Amino acid sequence: MDGRKSVSESSLNVAQPVLQARDVSVQFGGVQALSDVSVSVRAGEICGLIGPNGAGKSTFLNAVTRLASYGTGTIMLDGTPIEGAKVRDMIGLGVARTFQNLGIYASMTVLENVMLGGHHQFGGRFAQTIFNPMSSGARERAARVKAMTVLEEMGMADVANTIAGALPYPLQKRMEIARALAAEPKILLLDEPAGGLTHGEVHEFGELVDKVRRSRNLSILLIEHHMGLVMGLCDRIFVFHLGRNLAEGKPEEIKSNEAVISAYLGRAA
Amino acid sequence: MSDGSRSRLVKFGLFAAAAVLLPLLLPGYALQQVCIAIAYAIAIMGLNLLMGFGGQICLAQGALFGVGAYVTAILNSDYGIHPIATLPMSATATALVGLVVGLPALRLQGLQLAIVTFGIAAAFPQLLLKMGGITGGVSGLPIDGLEAPTWVPVSPELWLYVVSQCCAGIAALLVTLMLFGDVGRALRAQRDNAQIAEALGVNLTKTRLWAFAGSSALAGLGGGVFAIITGFISPESFLAILSINIVIGSIVGGVTSVVGAFLGGLFMVFVPTWASDINLSLGNLIYGLALILIMMVARNGVTGFIEKWLSTILRRTADNTASVKETREELT
Ligand SMILES: Nc1ncnc2c1ncn2[C@@H]1O[C@H](COP(=O)(O)OP(=O)(O)OP(=O)(O)O)[C@@H](O)[C@H]1O
Ligand SMILES: [Mg+2]
Chain A
243 MDGRKSVSES
253 SLNVAQPVLQ
263 ARDVSVQFGG
273 VQALSDVSVS
283 VRAGEICGLI
293 GPNGAGKSTF
303 LNAVTRLASY
313 GTGTIMLDGT
323 PIEGAKVRDM
333 IGLGVARTFQ
343 NLGIYASMTV
353 LENVMLGGHH
363 QFGGRFAQTI
373 FNPMSSGARE
383 RAARVKAMTV
393 LEEMGMADVA
403 NTIAGALPYP
413 LQKRMEIARA
423 LAAEPKILLL
433 DEPAGGLTHG
443 EVHEFGELVD
453 KVRRSRNLSI
463 LLIEHHMGLV
473 MGLCDRIFVF
483 HLGRNLAEGK
493 PEEIKSNEAV
503 ISAYLGRAA
Chain B
41 MSDGSRSRLV
51 KFGLFAAAAV
61 LLPLLLPGYA
71 LQQVCIAIAY
81 AIAIMGLNLL
91 MGFGGQICLA
101 QGALFGVGAY
111 VTAILNSDYG
121 IHPIATLPMS
131 ATATALVGLV
141 VGLPALRLQG
151 LQLAIVTFGI
161 AAAFPQLLLK
171 MGGITGGVSG
181 LPIDGLEAPT
191 WVPVSPELWL
201 YVVSQCCAGI
211 AALLVTLMLF
221 GDVGRALRAQ
231 RDNAQIAEAL
241 GVNLTKTRLW
251 AFAGSSALAG
261 LGGGVFAIIT
271 GFISPESFLA
281 ILSINIVIGS
291 IVGGVTSVVG
301 AFLGGLFMVF
311 VPTWASDINL
321 SLGNLIYGLA
331 LILIMMVARN
341 GVTGFIEKWL
351 STILRRTADN
361 TASVKETREE
371 LT
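Taken in order, these protein sequences are the chains called A and B. Everything in the first sequence is counted per the working numbering, starting at 243 for the first residue and increasing by one. Everything in the second sequence is counted per the working numbering, starting at 41 for the first residue and increasing by one.
Don't take each hint at face value.
Calculated cross-link-like contacts (lysine to any residue; reagent style SDA-like; alpha-carbon spacing at most 20 Å) [to be verified]:
#, chain 1, residue 1, chain 2, residue 2
1, B, K246, A, T404
2, A, K328, B, K170
3, A, K328, B, N233
4, B, K246, A, N374
5, A, K328, B, L249
6, B, K170, B, S274
7, B, K348, A, K453
8, B, K246, A, T351
9, B, K246, B, S274
10, B, K246, A, R456
11, A, K453, A, T391
12, B, K246, B, R355
13, A, K428, A, R456
14, B, K348, B, A358
15, B, K246, A, A369
16, A, K328, B, L244
17, B, K246, A, I372
18, B, K246, A, K388
19, A, K388, A, A369
20, A, K328, B, K246
21, B, K51, B, A70
22, B, K246, A, K453
23, A, K388, B, F220
24, A, K328, B, N243
25, A, K388, B, G224
26, A, K328, B, F220
27, A, K328, B, A234
28, B, K348, A, S349
29, B, K348, A, M350
30, B, K348, B, A338
31, B, K348, A, P294
32, A, K428, A, T351
33, A, K497, A, P294
34, B, K170, B, K246
35, B, K246, A, G366
36, A, K328, B, S274
37, B, K348, A, I405
38, A, K328, B, Q235
Hints are computed from structural coordinates only; laboratory data are not their basis. As the structure is a prediction and not an experimental result, all values here were calculated from the model.
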């Protein structure tokens with residue numbers, strides 16, 4: 243318990259974090275998926291979120307995107323609590339995410355998928371499509387340019403018009419990140435983005451994420467089981483275990499943390 | 041030019057040629073039947089928007105079609121408004137009714153929604169009878185016949201055909217605008233996975249209600265055109281089975297295709313008649329078998345079938361020209 247207290251204090255010392263979750267608890271029926279967890283990510287920081295299967299990592303992302311409602315605690319974006327926001331408001335508030343089991347539209351093209359990331363910015367104007375088609379055409383073009391720019395940055399421009407379902411799994415995952423980037427978020431939540439990558443690809447993927455983040459001073463919260471990637475990429479790491487904070491710190495600190503080693507790293511390694 | 045856009049162009053060319061040739065080839069009565077098919081096609085386009093792109097089932101499209109027909113008839117016979125001038129009002133009024141029909145869709149999905157909307161379709165003819173004061177009850181309502189303006193030297197039948205084709209053209213344009221770009225993507229996104237769509241900022245309530253309104257507006261427009269073509273309407277034209285037939289027309293044509301909507305309309309009007317022409321006592325049996333056969337052969341509707349067939353042919357000719365070129369290069 244003492245450890246958790248120092249976690250909160252250390253995050254209060256710095257300038258206001260982009261994302262700050264304090265004492266968040268989530269319950270599914272009788273299952274206590276999260277108990278009083280706290281996480282904070284500062285501007286431009288990339289934080290890892292690790293822990294054994296079922297530790298509650300994905301549930302935490304769901305709480306931040308309001309797909310899972312939390313009973314107690316508070317989550318703040320730039321110091322503003324998100325409790326009043328709906329699921330669909332979150333992307334407009336600057337939170338974009340990917341899903342652990344792919345949240346793509348397999349029957350749409352890659353470009354269409356990525357353009358959906360810009361929906362909150364360019365879209366949603368139904369009447370305009372009929373009563374002012376010129377203006378909705380202009381918005382459509384702007385959304386397309388934005389999506390193509392992101393696809394180029396992600397090295398996927400050549401598959402823009404491919405049906406997403408026809409892409410290999412790793413590219414589908416990358417496309418989902420492109421879609422999240424097209425939303426121009428303040429913070430990007432990635433749920434096991436390197437799943438299905440080979441060893442060499444993981445390294446390349448890490449460099450891509452780092453490049454993307456530096457070029458837009460983006461904050462990232464990364465869930466990943468691939469320890470090499472997490473340790474190499476992250477500024478700080480949060481460890482969950484059985485729905486609770488187990489540890490928090492720099493990669494070296496986490497690597498040598500006894501509790502983490504016995505609960506997680508010992509087994510993973 | 042890509043394969044897809046070329047086959048789309050070929051399809052559209054065929055369609056335009058058929059639209060121009062039909063009135064030259066068909067006798068007056070058959071042309072009127074084609075006009076009715078076009079009126080149904082307009083309602084099918086609406087349903088395609090809602091069902092094909094929005095993934096919402098609506099078994100009340102025939103009732104909404106009836107609402108549009110009655111709005112046109114009432115405005116014309118009670119208020120003396122020119123039949124064509126009533127059409128925008130029919131579409132608007134039906135869109136509003138459709139919004140109300142769409143409200144249950146916010147809570148119900150799939151089969152439950154099908155039952156609720158079918159309830160509306162089942163109640164509609166009786167409701168018309170009960171509201172005899174405005175609807176004329178069993179005796180129905182007449183609509184003024186259309187006369188071609190003096191500067192258009194065509195027969196009344198041909199003029200009706202031109203008017204209904206123009207309305208269908210407007211409907212097709214509206215559907216295309218509504219499905220173009222972001223709105224179409226949002227519709228498909230909420231259909232394929234509502235939770236992810238919501239996480240992407242799609243307003244599910246607004247999107248679904250909007251789809252219902254748009255679909256209903258087209259049902260209303262189709263109904264108005266139907267009233268003008270037939271010159272007389274009564275509750276009998278809008279029995280519950282009409283809603284089912286519109287769904288069948290939509291699926292037979294291909295739920296995501298504008299051209300398919302026309303094929304669906306033609307199917308609705310002509311196939312039952314042909315079936316009973318073949319053998320009067322076995323008409324329903326033949327019609328039923330025809331339906332089964334079409335679904336077995338063309339699972340994505342007739343347009344899906346034609347598209348596949350066209351793209352195979354195009355690819356084969358492309359392959360042939362390529363191989364001819366290769367052999368020539370080898371020879372030189
Ligand atoms: N929608 C749900 N309904 C019921 N229980 C759930 C739900 N989502 C998650 N859980 C439970 O909450 C706990 C935490 O699950 P979660 O998916 O957050 O774990 P995780 O850390 O992401 O694990 P993994 O590494 O396997 O992805 C698990 O016990 C899981 O069974
Ligand atoms: Mg998970």
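Hints, verified against the model:
{"no.": "1", "hint": "K246/B x T404/A", "result": "violated, 29 Å"}
{"no.": "2", "hint": "K328/A x K170/B", "result": "violated, 44 Å"}
{"no.": "3", "hint": "K328/A x N233/B", "result": "holds, 17 Å"}
{"no.": "4", "hint": "K246/B x N374/A", "result": "holds, 19 Å"}
{"no.": "5", "hint": "K328/A x L249/B", "result": "holds, 19 Å"}
{"no.": "6", "hint": "K170/B x S274/B", "result": "holds, 13 Å"}
{"no.": "7", "hint": "K348/B x K453/A", "result": "violated, 43 Å"}
{"no.": "8", "hint": "K246/B x T351/A", "result": "violated, 24 Å"}
{"no.": "9", "hint": "K246/B x S274/B", "result": "violated, 34 Å"}
{"no.": "10", "hint": "K246/B x R456/A", "result": "violated, 37 Å"}
{"no.": "11", "hint": "K453/A x T391/A", "result": "holds, 15 Å"}
{"no.": "12", "hint": "K246/B x R355/B", "result": "violated, 42 Å"}
{"no.": "13", "hint": "K428/A x R456/A", "result": "holds, 13 Å"}
{"no.": "14", "hint": "K348/B x A358/B", "result": "holds, 15 Å"}
{"no.": "15", "hint": "K246/B x A369/A", "result": "holds, 11 Å"}
{"no.": "16", "hint": "K328/A x L244/B", "result": "holds, 12 Å"}
{"no.": "17", "hint": "K246/B x I372/A", "result": "holds, 16 Å"}
{"no.": "18", "hint": "K246/B x K388/A", "result": "violated, 25 Å"}
{"no.": "19", "hint": "K388/A x A369/A", "result": "violated, 23 Å"}
{"no.": "20", "hint": "K328/A x K246/B", "result": "holds, 14 Å"}
{"no.": "21", "hint": "K51/B x A70/B", "result": "violated, 24 Å"}
{"no.": "22", "hint": "K246/B x K453/A", "result": "violated, 38 Å"}
{"no.": "23", "hint": "K388/A x F220/B", "result": "holds, 18 Å"}
{"no.": "24", "hint": "K328/A x N243/B", "result": "holds, 10 Å"}
{"no.": "25", "hint": "K388/A x G224/B", "result": "holds, 18 Å"}
{"no.": "26", "hint": "K328/A x F220/B", "result": "violated, 27 Å"}
{"no.": "27", "hint": "K328/A x A234/B", "result": "holds, 14 Å"}
{"no.": "28", "hint": "K348/B x S349/A", "result": "holds, 17 Å"}
{"no.": "29", "hint": "K348/B x M350/A", "result": "holds, 18 Å"}
{"no.": "30", "hint": "K348/B x A338/B", "result": "holds, 10 Å"}
{"no.": "31", "hint": "K348/B x P294/A", "result": "violated, 49 Å"}
{"no.": "32", "hint": "K428/A x T351/A", "result": "violated, 26 Å"}
{"no.": "33", "hint": "K497/A x P294/A", "result": "holds, 15 Å"}
{"no.": "34", "hint": "K170/B x K246/B", "result": "violated, 33 Å"}
{"no.": "35", "hint": "K246/B x G366/A", "result": "holds, 9 Å"}
{"no.": "36", "hint": "K328/A x S274/B", "result": "violated, 47 Å"}
{"no.": "37", "hint": "K348/B x I405/A", "result": "holds, 17 Å"}
{"no.": "38", "hint": "K328/A x Q235/B", "result": "holds, 12 Å"}
When held up to the earlier numbered hints, the structure conflicts with 1, 2, 7, 8, 9, 10, 12, 18, 19, 21, 22, 26, 31, 32, 34 and 36 and fits the remainder.
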